[in-house]
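*Asks:* Given these sequences and hints, build the entire structure.
Just so you know, the protein sequences line up as chains B and H, in that order. The working numbering numbers the first residue of the first sequence as 714 and each following residue consecutively. The working numbering numbers the first residue of the second sequence as 714 and each following residue consecutively.
The hints are simulated quantities; they were obtained by calculation from the structure and are not laboratory data. Be aware that one or more of the hints could be misleading.
The list treats identical chains as one, so a pair stands whether inside a single copy or across any two.
[As the list claims (entries may be wrong)] Distance condition first, Cα-Cα at most 25 Å in a straight line; then the derived SDA-like pairs of lysine to any residue:
id: 1; residue 1: Lys736; residue 2: Gly1011
id: 2; residue 1: Lys873; residue 2: Gln902
id: 3; residue 1: Lys867; residue 2: Gly848
id: 4; residue 1: Lys869; residue 2: Glu1041
id: 5; residue 1: Lys809; residue 2: Leu894
id: 6; residue 1: Lys1009; residue 2: Gln832
id: 7; residue 1: Lys1009; residue 2: His959
id: 8; residue 1: Lys724; residue 2: Asp734
id: 9; residue 1: Lys873; residue 2: Glu773
id: 10; residue 1: Lys867; residue 2: Asn754
id: 11; residue 1: Lys736; residue 2: Asn772
id: 12; residue 1: Lys867; residue 2: Val1039
id: 13; residue 1: Lys724; residue 2: Gln746
id: 14; residue 1: Lys820; residue 2: Asp948
id: 15; residue 1: Lys720; residue 2: Glu753
id: 16; residue 1: Lys867; residue 2: Thr1040
id: 17; residue 1: Lys720; residue 2: Gln746
id: 18; residue 1: Lys867; residue 2: Gly947
id: 19; residue 1: Lys992; residue 2: Leu930
Protein chains: 2
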Amino acid sequence: MKLGTLKSNVKDGELVVVSRDNKKAVRVPSLAQNLQQALENWTDCAPRLKEVYDQINRNEIETFDVNEESFHSPLPRAYQWLDGSAYIRHIVLVRKARGAEPPANLKTTPLMYQGGSDQFLAPRDPVPHIAENHGLDFEGEVAVILDHVPMGTKAKDAEKYIRLIILVNDVSLRGLIPGELAMGFGFMQSKPSSAFSPFALTPEELGSAWKDGRVHLPLLSEYNGEWFGHPDAGDMHFSFHELIEHAARTRDLAAGTIIGSGTVSNEDESKGSSCLAEKRMLEKISSGEITTPFMKPGDTIKIEMKDDQGQNLFGTLFQKVVQSEVTEG
Amino acid sequence: MKLGTLKSNVKDGELVVVSRDNKKAVRVPSLAQNLQQALENWTDCAPRLKEVYDQINRNEIETFDVNEESFHSPLPRAYQWLDGSAYIRHIVLVRKARGAEPPANLKTTPLMYQGGSDQFLAPRDPVPHIAENHGLDFEGEVAVILDHVPMGTKAKDAEKYIRLIILVNDVSLRGLIPGELAMGFGFMQSKPSSAFSPFALTPEELGSAWKDGRVHLPLLSEYNGEWFGHPDAGDMHFSFHELIEHAARTRDLAAGTIIGSGTVSNEDESKGSSCLAEKRMLEKISSGEITTPFMKPGDTIKIEMKDDQGQNLFGTLFQKVVQSEVTEG
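*Replies:* Laid out in structure tokens, this is it:
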């Protein structure tokens, strides 16, 4: 099934069930006030939501027309956002870009950081631009939303905790990353609020495209209205199952935890990229010169994913960069 | 005033107002269901909570007897937990312990990491011990709970967003830190759930001990029933005001954000320490040999703070290490 969250006057928004074709939706206040509540009560709640979903798709229930502009991220805020980096080519290229070595255990231990989750951007929200030297970039990713995961869960047992799949724009400030990582405590200032796709899908909704803890479909990015990339999201070195094992090694993960894949990236250069940092590094490698600047006010990024019939699955992340009232320097 | 959260059958617990002497409390369901809700509605809610607090202290209202065992951390879960490291001596000693250099900008830019906040331990909860080579340690800290802080807030304007002050045991797995930090993405597996003091105090409740964005009182630690340290928490190199400016540089901070001071530590060795890593490093420096092991099942840590009349301010963090059902190796 397909769920979404309408913006409302409460921080967690209002849970809705969305039709398979993204055109119609139904409010479900009697089942759950918001998605966090549904996740904390999934065993009872999911079958009822699924019933509504089936009724919508069979035209058996009164619906309203979907306007994606009115949707917030499926979880407008979360208790936990952990972002992995499971595409090896992305790690190698962005480290090269900042003159850092890939970690020695690149292929045996997933990279993962604890991200800020206190307030996410909506899928159509503007991205604030503070200063040019912050090096504003987008990062197209896939992510999973989890039920409660007990500490010590292994990859082979992780599938059953994956409740929903979403897309992410993990907004990154490349200019602040080297200084911040040099201090040794990970990202904070360099990773402001991320935005997520309007719709969240259960794994079964993806059919055979969901396999081995990976989404085997291209992630489509359009930058300033032009094709930017369509790498296969299934090319993850570590599956979501392995990312969950890594995250749960020393603690439980609460229901509603989001785990991201990291920037989707393939070895095949004809597939393009899902962030500017990679494109810039490839320019430098091929011509010695970086020609693509980071994002500036007015630039737009569109991120979506289609099934093999061309049906838009998660709705469209579409964000425009706007000058922030907060400035520096 | 003094607030607390009773454990209950809901994840956010039940908000209570606690008497100045920690002995009596009153439930306040008509004012706010939980502390997060009170923080999101502070302007309206705080004067009413204060009225209840005054009535308790004047014996004008029906109360129940406080049993600290029944208290959860003031926020049993939070949307954001950012932990600074504002005591320079702690940074220098723990980096020396793991053979790492202090950052070049040690005294000009605060160290801060994004911590896990999806489920905290209660102040009397056991701390799980998974494996001896994880190097289980406690870290005694002070922290502030904030109202919504707008992006770009400067230190000079930060005081007005500080709503409550609490103590922290920031549980740390020293054995996992070097490997994790070497990967460059900060702490995750090495920082499992933290625990907070039973009671949260408004800054004015500390009187003159709250000054310049610092708590000028000793933090008392007892390890296995013996004195372990009483360093002055006021000896922060960066004040909470400066930590807030750092955290809000590129984003808003949602109401309910917790910012920690980092392990309280003074240059004066007679004041002891607030974590085992420091004591171990001092042993190594003075005798060449580390004699204090990390925590093992059965060990206990008590953390509290008293005012100059000897009144316990925040209640008592008291945690025992227990063998986890999850094991490794």
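*Asks:* Indicate, hint by hint, whether the structure satisfies it.
*Replies:* Verification of the hints:
1. Proximity of Lys736 to Gly1011 under the C-alpha cut-off of 25 Å is found in neither arrangement, the shortest distances being 28 Å within a copy and 59 Å between copies.
2. For the homomeric pair Lys873 and Gln902, the shortest alpha-carbon distance between copies (22 Å) is at most 25 Å, but the shortest distance inside one copy (34 Å) is not.
3. When the C-alpha separation of Lys867 and Gly848 is checked against a cutoff of 25 Å, the pair qualifies only between copies, where the shortest distance is 22 Å, while the shortest distance within a copy is 38 Å.
4. Taking CA atoms no more than 25 Å apart as the test, Lys869 paired with Glu1041 passes between copies only; the shortest distance there is 16 Å, against 48 Å inside one copy.
5. Within a single copy, Lys809 and Leu894 get their C-alpha atoms as close as 14 Å, and across copies as close as 19 Å, so both meet the 25 Å cut-off.
6. Taking CA atoms no more than 25 Å apart as the test, Lys1009 paired with Gln832 passes inside one copy only; the shortest distance there is 23 Å, against 38 Å between copies.
7. In this homomeric assembly, Lys1009 and His959 come within 25 Å of each other (Cα to Cα) only across copies, at 23 Å, whereas the closest approach inside a single copy is 36 Å.
8. For a Cα distance limit of 25 Å, the shortest separation of Lys724 from Asp734 qualifies neither inside one copy, at 27 Å, nor across copies, at 36 Å.
9. In this assembly of identical chains, Lys873 and Glu773 lie within 25 Å of each other by CA distance neither inside one copy nor across copies; the values are 30 Å within and 53 Å between.
10. Taking identical chains as interchangeable, the C-alpha atoms of Lys867 and Asn754 lie at most 25 Å apart only when both belong to the same chain, with a minimum of 23 Å there against 41 Å between chains.
11. Taking the closest pair of Cα atoms, Lys736 and Asn772 come within 25 Å of each other only inside a single copy of the chain (12 Å); across copies the shortest separation is 60 Å, beyond that limit.
12. For a Cα distance limit of 25 Å, the shortest separation of Lys867 from Val1039 across copies, 11 Å, qualifies, whereas the shortest one inside one copy, 44 Å, does not.
13. In this assembly of identical chains, Lys724 and Gln746 lie within 25 Å of each other by CA distance both inside one copy and across copies; the values are 11 Å within and 16 Å between.
14. Taking CA atoms no more than 25 Å apart as the test, Lys820 paired with Asp948 passes inside one copy only; the shortest distance there is 13 Å, against 43 Å between copies.
15. Taking the shortest Cα distances, Lys720 and Glu753 sit within 25 Å of each other both inside one copy (20 Å) and across copies (18 Å).
16. Taking CA atoms no more than 25 Å apart as the test, Lys867 paired with Thr1040 passes between copies only; the shortest distance there is 12 Å, against 45 Å inside one copy.
17. Both within a single protomer and between protomers do Lys720 and Gln746 lie at most 25 Å apart by alpha-carbon distance, with minima of 12 Å and 23 Å respectively.
18. In the homo-oligomer, the alpha carbons of Lys867 and Gly947 lie at most 25 Å apart inside one protomer (21 Å), although the nearest pairing across protomers, at 44 Å, exceeds that limit.
19. With identical chains, the CA atoms of Lys992 and Leu930 are at most 25 Å apart within one copy only, with a shortest distance of 21 Å there and 53 Å across copies.
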